[in-house]
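Each protein sequence line maps, in turn, to chains H and A. According to this note's numbering, numbering within the first sequence proceeds without interruption in unit steps and concludes at 247. According to this note's numbering, numbering within the second sequence proceeds without interruption in unit steps and concludes at 642.
Hints were generated in silico from the structure; no laboratory data involved. All residues carry an ideal CB built from backbone N, CA and C; glycine is no exception. Misleading hints may appear alongside valid ones.
[What the hints assert, rightly or not] Restraint-style ranges between C-beta atoms, simulated for each label pair: (1) H:Lys247 / A:Arg477: 36 to 42 Å; (2) A:Asp22 / H:Lys247: 43 to 49 Å; (3) H:Thr150 / A:Glu632: 43 to 49 Å; (4) H:Thr150 / A:Asn32: 49 to 55 Å.
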Amino acid sequence: MNFTLRVWRQKNAREKGCLETYQARDISEDMSFLEMLDVVNENLVKDGIEPIHFDHDCREGICGACSLVINGIPHGGKKGCTTCELRMRNFADGDTITVEPFRAGAFPVIKDLMVDRSALDRIMQAGGFVSANTGGAPDANALPIKKDTVESAMDAAACIGCGACVAACKNASAMLFVSAKVSHLAQLPQGQVERVERVRKMVARMDFEGFGNCTNYYECEAVCPKEISVKNIARMNREFLKAITK
Amino acid sequence: MKLDSKTPSGPLADKWDNHRFSIKLVNPANKRKFTAIVVGTGLAGASAAASLAELGYNVKAFCFQDSPRRAHSIGAQGGINAAKNYQNDGDSIWRLFYDTIKGGDFRSREANTYRLAQVSNNIIDQCVAQGIPFARDYGGLLANRSFGGAQVSRTFYARGQTGQQLLLGAYSALQRQIGLGKVKMFPRTEMLDLVLVDGHAKGIIVRNLVTGEIERHAADAVVLGTGGYGRVFNLSTMGLGCNVTAAYRAYKRGALFANPCFTQIHPTCIPHTGDYQSKLTLMSESLRNDGRIWVPKNKGDKRAPHDIPENERDYYLERKYPSFGNLAPRDISSRSAKEVCDDGRGVGPTGYGVYLDFSEAIGRLGQQVIREKYGNLFEMYKLITDEDPYEVPMRIYPASHYTMGGLWVDYNLMSNIPGLHVIGEANFSDHGANRLGASALMQGLADGYFILPYTIGDYFARVGAQNINTDRPEFGAAEESVRSRIERLFAVKGKRTVESFHKALGLIMWEKAGLARNDAGLKEAISHIAALREEFWQDAKVLGDNNEMNQTIERAGRVADFLEFAEMFCYDALNREESCGAHFREEYQTEEGEALRNDKKFAYVAAWEYTGDGVKPELHKEELTFENVELTTRSYK
Ligand code: FES
């Protein structure tokens, strides 16, 4: 397979970027999107051009490091799939593919396709945890939890923190990300003690970091590689309402 | 050098208690006077950093990823062991200890392994308290499964994402301490050297990966939780950033590296499809509970699997190991796969693959049951290969997965360099020559939550807070050596990409030092590695600038370290003239082709000391004594 790539190149945060055109030749349909970029990069380096920078690590859809907006869609638009899992067989031979970074005010570009997503960590620092110091825990079976409840908490806890929800949203809202954590812990008995404070603090930090508001476009759910449901946003809104009226 | 493991005396079951009583404590009011550097924030690093901060110490934590939540602990799927005996099936601390030490083929330290089993139960309690959504039964109690050939159900799991959930638990504890100001976090920062002051580890030199700046950090102790070195094989299930650099830099400063040749090759990975690949995807070996492994009986049989009649199939694991069959341990199962492929009977486009066939299980249990058990794995397989395992047998092949070797540590998890502590996969201590399934997560969290936080206090109490200043000449010298190495890498200005060197190294290692090793092959590998290293320093091409984000220079530094480390690895494999666990020396096997251990000569930990570049390192031995278990031979026949 052969492709024409239009790739966002930006030397660093200070300089302006632009789309450059490269050819991707002899690409196997079994390659992942990132493996295709690896091949392009090897050739760029041979030609003396600095390789395209992008974040990645696990390459199996679990670490959340990879990003990329592919033809306008974060992670490329295949349902339940991260960029590193996306295979080239999902494209047609000869396609022109545009590759850009995740864009959001809260995600400044570091270089090329790499952005700074540390704002998401700071939201977690504000309250995305149970304050259980090491050592004081009761026996793990002391508190039975309904199977359905745990499964539903797990659905929310599956978030990989990639930030695609933010990149897909017109308002650059981080509601799906934040609600996944709020919802995970609000459903479990261990999360009850800090339930009210958690949602209040996480939402405040989210606003402070410059993420936008949710106006129910649901683009986030559509691109989420872990298929986190927007129901979590509804749950978070309820939690938040309760928290501020308490 | 005399290696003192500092194993406490007394009965095995009391050692840890006695030790905790005898080690020194830091007065609560004084804890804030001590600072620990923690490098690596995976399961071990994040849990250690959080726990140390909770105790009142100041912590500086470092990771090369953009966030601690990306560490490759996240990739573990299957689960975490603990000796809870919740299933009432006869499990106990002793049994978990025994299974672990036997699984490691009696090449780990008894006392460490026993302690691991002891604290396993605390880990589960802690994780549940953090809100980790472990699977549960209908009655609301925790569910377990049996895993990796264990005869009891002791594995706790969160779907196929146990590593992710445990890491996010440790990450959340760490984030909390960052928010409280007790941990200062440095993401996108790579450790490039260790700084010793009067022989003690008191700091590190790092490169800020965003700005390229070289920075000095001082502390009262340094903790490395920097993971394994499996990417020395290039093709591996590890994340692409995983590397040996921090551990190797410590080694070059005098820390001993123990048993580097003990590396685990995982049998159930998706086979590679072409040279462009540098990452293989692991599928949980729980698949082997229901899948049957086979290849055609005849060489070069290219027929589609459905067209190969039953009597022309070789279910080689069931044939060779009737009692364990498809559940034979990881090393046996991996080696057997390579054997049949080398014999020309492999399947798939490259001929390096074997079938893992679910048709019998689907017939017996129905598609629905199989879907419930393995649905997500089947989907992942389909996504990658475009083949539907409900219809066509899966293809699998072994890949490098976990490294049991690592920096040598004593019972306190301290290396031979005072102040330098090593935790998780980065140390060597608990798994011996082979690791059991669902034990990696257990060890990472045991070290980080429940062992290091006590033992580091003993070191602090002995040496006192020193308030080391980074203006000291030791920091200047280390910084200078880091800078000059980076300049040298840029100055090579060669023609060949760094990636191509890494691939070439991986190939040498896989062929000569992978699943099966022999004397001649290892000697060849050593000379090939030396030649490749020389070529690297003459022909590597590093583009871009040093004062900004530059993934090529990061990569170049890591590959340069792998090119040195690989040699030590081969010396270790060469020295160990026996087959044990995952280390298989072709010269040492029984007539039936089984591993032949040599307890008289090799019941020791091989700890290697750096003696100069390109020079054979010096071997130091820690004899292993077994007071509580009898050294039996594994038999899976
Ligand atoms: S690289 Fe880890 S999720 Fe894509």
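Results of checking the hints against the structure:
no., hint, result
1, H:Lys247 / A:Arg477: 36 to 42 Å, "violated (54 Å)"
2, A:Asp22 / H:Lys247: 43 to 49 Å, "holds (46 Å)"
3, H:Thr150 / A:Glu632: 43 to 49 Å, "holds (47 Å)"
4, H:Thr150 / A:Asn32: 49 to 55 Å, "violated (43 Å)"
When each numbered hint is compared with the structure, violations occur for hints 1, 4.
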